[in-house]
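Engineer: All chains should be modelled from the sequences, with the hints used to inform the complete structure.
Residue numbers (the numbering used here), protein chains in the order written: chain A, 145 to 391; chain B, 292 to 539.
Hints were generated in silico from the structure; no laboratory data involved.
Cβ atoms here follow ideal geometry from the backbone N, Cα and C, with glycine treated the same way.
Possibly wrong hints are sitting among the right ones.
Said to hold, decoys possible - To give a feel for the contact side, a few chain A residues facing chain B, derived at Cβ under 10 Å: (1) Asp173; (2) Gly288; (3) Thr295; (4) Met296; (5) Ala298; (6) Ser302; (7) Ala311; (8) His386; (9) Ala388.
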Amino acid sequence: MKTVLRPLVTLLGLLGLWWAVARFAGIPDFLLPGPGEVAQVLAAQRGFLLQNALVTLVEIVLGLGLGTLFGGLLALAMVFSRGLQRWLLPLLLLSQAVPVFALAPLLVLWLGFGLASKVLMAVLVIFFPVTAAFYDGLRRTEPGWLDLARTMGASNFSVLVRVRLMAALPAFGAGLRIAAAVAPIGAILGEWAGASEGLGYVMLNANARMQTSLMFAALVLLAGMTILLWVAVDVVLKKLLHWAPDM
Amino acid sequence: MSEPNLNAPSLELRGLTLRYEGQALFEGLDLTVKAGRFTALLGASGVGKTSLLRIAAGLAVPDAGGVQAGDGQKLAGRVAWMGQQDLLYPWVRALENVTIGSKLRGERADKPRALALLAAVGLAGRERALPKELSGGMRQRVALARTLYENRPIVLMDEPFSALDAITRAAMQELAAKLLAGRTCLLITHDPLEACRLSHSLYVMAGRPARLGPEIAVPGHPPREPDDEALLHKQGELLRALLEASGV
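Structural biologist: If you want it as structure tokens, here you go:
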């Protein structure tokens, strides 16, 4: 009960604060619309908004899936071979040293206005926390577990797959939680840089036309989607990692 | 639970030298662990007991010297090792932890035998429990069952009961002595009572570089009763020897 009640109270508190500021602070409506107006826009334009939200959701989910897969494989490759690790680590850092923001227009130019550029942007944002956390987890296996496996005659490959990989799953889960929370950044940035649909595109257009209520409506939808995505990932992880002592 | 066909050989450590950051932890150290007997190695923390055991287990390489089986055959695949913690893998249940060696080697698990071993250590009915659902003593019992499942003639133990409370530890000592009887066991410990209860013969390891004292025989057969008079006397003697060796 408390797990449902607490976020609900926080949500209602934030809504109340928003309403009070919009109502009493003397800010004009076109700068800060109240929750009521935003709700009206949400209701009136729900078809249009949901259609665009679906586009963004597909981008985010594809990005999260591919980013997690790619990030996980990268971490495994780096642990499996020291040679590979020496080549991949600088690339990994470089991929984060170049701001995603700066890459977005380029990716749109190369991959077009469609899905591909947004998914790739999302992958670029998502894979790093997964790789970093998983790689760390793979390298920090409890030494006793490795010793035990060795005295039992396990091959290196068996130790990697049956001990190190399993032992690193909680760390992988931690990376995945972060990835789920930041996943929308890449997709929205991609849509800002050039798109013909999606919530980011809706927001950009609404902003240009001073339709602040519509902007807020898109924002509310985006935040809701992100939270639901995070909760879904969290639920799946808790099920899969039920054996972990701190889950 | 009797295991057939052990033919436990003696374990011979010859001329072992190990240096750490330029300092010799031990130098030219010799030790024969008698076949089918329980031998305890007693010493203060940091004297090099764990390093010695790791070398015997093949987990570390000495700077000089080597380890052989008394029967001249290869040691590989004939040594089991129990660490200071239970080292259960938290992602598999008690039963799969017992048979984990089979899985790690890519072999078929012998489930009936594992179940019988779990029953022998007093954990019948708990085979589906995850490690996090078991107490420290129960986890150590699973670890003992796992060691027995490996069915190796030589068993090396690195203070496996040191993290347990006194009562659980005493129960585990009895269980281990009973179930490991007939194997060549080397137990390292800093607890004189544990050494006296479990071993046929024991050695004190002290100094830097560390040396082994003369073999000390404990009268009677392990596991000795904790209130056995000869045992208590021996324990007192040993504690005194350890204190003198540490120079306090």
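Engineer: Evaluate each hint against the coordinates.
Structural biologist: To see whether the hints hold, each was checked on the structure:
1. Annotation: Asp173(A) was flagged as interfacial toward chain B, and the flag is violated, the nearest CB pair being 55 Å apart, outside 10 Å.
2. Checking Gly288(A) against chain B by beta carbon gives a least distance of about 5 Å; that is within 10 Å, so the hint holds.
3. Because the beta carbon of Thr295(A) sits about 4 Å from the nearest beta carbon in chain B, less than 10 Å, this interface hint is met.
4. Checking Met296(A) against chain B: minimum C-beta separation of about 4 Å stays under 10 Å; hint holds.
5. At about 4 Å, the closest approach between the beta carbon of Ala298(A) and any beta carbon in chain B falls short of 10 Å, and the interface hint on this residue holds.
6. Given the 10 Å rule on beta carbons, the hint for Ser302(A) holds: about 5 Å separates it from the nearest Cβ of chain B.
7. Of the supplied interface hints, the one on Ala311(A) holds, with its beta-carbon coming within about 8 Å of a beta-carbon of chain B, less than 10 Å.
8. Because the smallest distance between the Cβ of His386(A) and any Cβ of chain B comes to about 8 Å, under 10 Å, the interface hint for this residue holds.
9. For the restraint placing Ala388(A) at the interface with chain B, the shortest Cβ-Cβ distance is roughly 6 Å, inside the 10 Å limit, so the hint holds.
Of the hints listed earlier, the one the structure fails to meet is number 1.
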